[in-house]
Each structure stands twice: as structure tokens, then as C-alpha cells.
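> As you go down the protein sequences, you meet chains A and B in turn. Taking our numbering, the leading residue of the first sequence gets -13, the next gets one more, and so forth. Taking our numbering, the leading residue of the second sequence gets -13, the next gets one more, and so forth.
Because the hints were derived from the structure by calculation, they are not lab data. Wrong hints could be hidden among the right ones.
[Claimed, not checked] Here are some, though not all, of the chain A residues that point toward chain B, as calculated from beta-carbon distances under 10 Å: (1) -8; (2) 30; (3) 295.
Every residue gets a Cβ at the ideal spot worked out from N, C-alpha and C, and that includes glycine.
As a plain string of letters, each chain reads:
There are 2 protein chains.
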Amino acid sequence: MLAFEVTARRGAARLGRLALDHGVVETPAFMPVGTAGAVKAATWGDLEDAGAGIVLANTYHLMLRPGGETIRRLGGLHRFVGWDRPILTDSGGFQVLSLAANRKLSEVGVLFRSHLDGASHELTPERAVELQVADFRVDVAMALDECPPWPASEEEARLSMERTHRWAARGREAFLRTRPAGRSAQFGIVQGGMYPSLRAESAAAIAALGFEGIACGGVSVGEPKELMRATVEATAPLLPAEKPRYLMGVGRPDDLLHAVGKGFDLFDCVLPTRAARHGLLYTSEGALAIKQARYREDPAPPDPACSCPTCRCHSRAYLRHLFLLGEPTAAILLTRHNLQAVLDLMRAIREALAADRFEEYAARAADRFSPGKV
Amino acid sequence: MLAFEVTARRGAARLGRLALDHGVVETPAFMPVGTAGAVKAATWGDLEDAGAGIVLANTYHLMLRPGGETIRRLGGLHRFVGWDRPILTDSGGFQVLSLAANRKLSEVGVLFRSHLDGASHELTPERAVELQVADFRVDVAMALDECPPWPASEEEARLSMERTHRWAARGREAFLRTRPAGRSAQFGIVQGGMYPSLRAESAAAIAALGFEGIACGGVSVGEPKELMRATVEATAPLLPAEKPRYLMGVGRPDDLLHAVGKGFDLFDCVLPTRAARHGLLYTSEGALAIKQARYREDPAPPDPACSCPTCRCHSRAYLRHLFLLGEPTAAILLTRHNLQAVLDLMRAIREALAADRFEEYAARAADRFSPGKV
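Looking at chain A on its own, in the form it has when it is part of the complex:
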């Protein structure tokens, strides 16, 4: 990375431009999740059409299949998957702890067995850097962290946070050693569970390491919405003002609006694409469950206000028909819509910030996207 510029501030919210090796990302931005090198049921053309400026991929999945060596030999992750806009990869820490088998966590790192074939692997702060920077050559690499489960006691959260800090220092050192001619950026991750005093301690420790950006991890892990929001509110003001701030794993429209208001710039979540595959569409009037009988003969598009290819060409009746039959085409068409919906939301947020009417916009939009509705 190359530069982050805040081009406007509206209260705590910010409009910005994040210049990365593969292009400039307008922030606030949402990163669709392409776990294993593809956003499920979408092509890269679909992502371009929906206006995605950056995507996220998972180090854990890619280190298992096809493996870092293979991706390196094939020219890096962009070339391997055929996408030339920015990519951020997570560090694999979260997935190792949620998916892998036979995990052994130690100060060195995590020893584990693949959930796919049982093969042994090791992930350390240094290995996470090697994979992301030397093998994948992504635009943004995340430092390896240890994400405590929810609920965790303050003592558990502290121990896990302190390890995260030691791993962050080792990861930063490895990054500065590995970094090929300043092409990648590295973000550190603030932990500390739902404890404001730990969050403050973690923000200070991570900020001191000189990362190009800072993430808030350990939220959206099963805690009640209000606790997530309280943690977002407590953490945001602790993060360096001049660096990009990434809120990990958050992607419900109402939560995006809230977190932008508190000063976050980047987001990722599987929710919009996963919800699509389960027949739940985001619309400007709230959520729409396509399987409902009321849409059986409904000739209207999912969202008459949406300009996505699905809404331009197809009725709720047709989409419901394909979805109920389990036709693979249903997942394609529904995913296109939700990608466009969440990326259009981010565009609208940026326009509202630019026009200095974000608060008014957020109030209106949050009502539309209130929890009951999405």
C-alpha cells in the first residue's frame, strides 16, 4: 500500500481513498467474500458489474487447497483467480479456530489438521505473512491473531489479546523483512473481547507497531447485537485517525450504517452472498424471502428500484420457481442481486458523506434495514 487519504469527515464518519497495488478503493467499502478464490455462485465479471472495488479471500482455505506453493508458482492470487482489482486476505487465524481439527495452540502458532483431508499444517505469524505476501501477493495481508470465542471471561480475553499482540509484533517484523518492494500492505488486528479497557489497551499496542491499517476483530462472533455495537463504538475512537479502519465480519446493512457512522472504512461478510443462496434478498423495502407463496405469480422484479441484471430481467415469480426447484441458476441470479444491493448501499453511503447528508441518509436507510426487516 501505498496511501490512505481521508477526503471528508462528517462527525466520526469518514470518506476516503485507499490506494493499493491493484487500484484505488473508495471508502467506506464492502469486500465480498471469495473464500477459496471465488465468491460463491458469482464470477469475477459479476463482481465487476456490481461495482466491487476489493474482495476478501481466506488464507486458511487457500493454504489447504491449492496451497501457497501452487499459487506462488502460478503467479500469485490475482493471476491464479483471474481478478485484477485489490484483494485482502485474512490471516487464517479465525478459520483455524473454527474449522480445523486437532488444533494445538501454542505461543509459536497453531498446529492443526485440515478439515478437508486431515493433513497436518502449521500456521504461525511468520507463516501467515509468507503465505499472504510471498505466495498470494495480495494487496492487504492481515496479521495472525487469536480471536477469543464469545462469551469469554475478562481473563481469557486478556490472555488471548496479549498473545495477539506478541504475534502482531512477530508478524510485523516478518512482513517488513518479506515485503516485496512495498507492494503489499499489512493490517494489525485489535482484540480484547467485549471489554472496553482491554480494547483500549489493544488499540494502543497494535497502533504502536506501524501497520498500514488497523482492524477491529473479535466482533460478530455470536454476541448480541447491542454488545457488538457497543464494542464498535468503544473501539473506533481508539484507532489512529489517519489509517484505514476495518471492521471484520460485519455486513448486515443496518450494522454497516452504524459502523460507518462510528468511523470504520472497510467491511467484509459472507452474509449478503450466503443469504442470497438461501433465498433472502436485500431490497430497498427490507428483506424479501423469495420462497414465500405470495410471490408465486408476482411479475415484479425483486426490487423495482434496483439496477442489477437480475432485477432488470427477472420476476419474483421466476426466481421463486428456480429457487424452489434448487436450480443452480437461482443462486447465480440471487447472488448478483445481493452483491449489487450491498455495494449500492456503500455507494449511497459515500455519496451521502460527500454531500454532507450522511446522518439523514443513515437514519432513513437504517429504518429500511432494521433488524426485523433484514
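Fit chain B to the supplied structure of chain A, relying on the hints for placement.
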């Protein structure tokens, strides 16, 4: 329909133009199969990009879900699915006999239960016309036939053929009564099993009924390839020369080349798209099974000679990776390739016919696509 013109004859092979309500189809043409109103893992945009001039949909599947009434109320099949080029629907006879439960076949028609929910339905020659012409409003409706299984004795094949002829007469009558201002065409189906004398009898009986086109049914039902080809060769010269000739259910590249050489104009088959979903790609060098270990780090596209979006953007290594993980995006990308491959083959056939070098082209291409290779 409106008109069929043979624009060039090369031996038994023909180049033609079939003018239908929703557009002109250049023949010989392959019709991708969109069973329930969608080609699996493809969008209509994908079909347009690959150059599909006409698609096939299945009356049996559509009469069960969403039902003829629903499609009629939503403006017909084109409007329901969002495709404005020609559509041909089969009559449902073949699927009733292969998929439905509790079938009761009588002179009137077939009583059966849906394989989806057990609901009772009836399909008669008249009902097949009503569904296709009045409800779906397709460009080409097929007459209801009874397709004998393979193997069938000559006596079984004769009884089934004779019923097919009586149903064809009833279907034709219903069509001429129903046909909305000459917008649809109706094709009759020649049966007779693998018995040349029955085929001759059937061709004469069906030709006498004045259909706008004639199909050869009852092949590609499990018989050995040589028997299929012998039946194709025996049947083709019996069909009216001035009408379009449709060989049902045939879609292997080598069989397409063979049947075009014998004088068939239209084809359909689930094979190209089903093979794609199973990781088998048609290429100019023969078939390619993407899961093979040899492609693990292969940076080449599936077919360097192919211009499809998948070959333009993706390597065998990437496609293998997505396929092995069962990523839904794999089915999309592989389907795009096979659609393009089979439609490009038909384009090349038409160009060779136009340039009067079909025999030479077919000999070269059939070698590439010999059974061992595809």
C-alpha cells in the same frame, strides 16, 4: 412458424434458415436444454454470449412447476423466463415415462403422479398442445408421442408407434384448433424403435399429417452407438426434404457431425451442460477431465483455441481447484465453456456447409471428437 428454407445442399446435408416467431435459427442448430426454464448453472446472458439461437424446455417439468396456468398468467414462457429468442418444448411424453410415478398409459393419454410432490396429472395429445401453444406460447411445440424403451420387440415397437400415430393425428387437430394466429409451429415425431420397416411406416404416417417439421424420436435411449447411427441413417432419407428435421436427444460432437451429414437440422441434448457440471470439457483436442492431477498447476486455459469467457480468463489449474472444492462458480465457468464449444461446433459446421467443404471438415472434426476422446 413461418418458414423453413434450405439454402444449400451438400450430399444429404443441408444448410438452412428456420424462421420462427421469436427469430430466425440458422441450421444445423443445437438447442441447449433448459429443463425447468433455465439451463443449469447458466444465465440467459451466458446463452446469448455463446451464440445460442434457440433453446429447448421440458413440458413435463414446467407443467408440474410452476404449471401451465401460472406461465400463461405471466405472459407465456418467454416472458416468464426472460429469454426472447426461439424456444422449442418437448411434449412431456418422454419424461412422463422416465420420471413420473404411478403411470397409467391408455389410448386417451397418460395419468401419472408428479415425481416432486405426488400430485395427480394427466397428459393427453390435446393437453400437450394446450400447454405448449396456449400456456407457454413457444415457437415450436412437439406432438405427444410414446417413446418405446430400448430394447423393445418389433411388436412392442409397432404398438407404441401406432399409438404415436393416433396421438399425432389428435395432436395435430388440437394444434390447428388452438394455434393463435399462426405464431407457433408444431413438429410431429417419427417412432418405430430400431426397426427400419417401422421407421419407414412411421415417417410416412407422420409426414401425412402436415406438421411444420418432423422429428426422429426414440434414439439415444440407451442403445449401442452403432444402432443409433443405423437408425439415423435409415430415418433421415424418409423425412420430407423441404421441412426441418430434428434428431431428438443427440448431442455428442461426433454424433452431431454424423447426423448433419445424413440430413438432420436440429438437435438437443443435456450432455454438454451436464458434462460441464461433472468436470468434462469439450476442447478442440478432445475431452478434458478437469479433475485430473496433471492440471494441478497448468496455467493454460481449457482450450487455447476457444474464445469463451472461461478460456479467456481462467486456467485449468484454477478451474480444477474450484471444481474439486465443489464451488458453485465452477459449474458456471465450465458450463460456459461447453456451451460455447458445442455452439461453435455448429457454427463451424454451417460455415463448412456454406463453403462446400463439409465432408472434409467432418472427417477432421469427427476424429478429434471420436468416442474415446469425448
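> Each hint should be assessed against the structure and marked as holding or not.
Do the hints match the structure? See the list:
Taking 10 Å as the C-beta contact cut-off toward chain B, the hint placing residue -8 of chain A at the interface is violated, the least distance being around 35 Å. At about 7 Å, the closest approach between the beta carbon of residue 30 of chain A and any beta carbon in chain B falls short of 10 Å, and the interface hint on this residue holds. Annotation: residue 295 of chain A was flagged as interfacial toward chain B, and the flag holds, the nearest CB pair being 7 Å apart, inside 10 Å.
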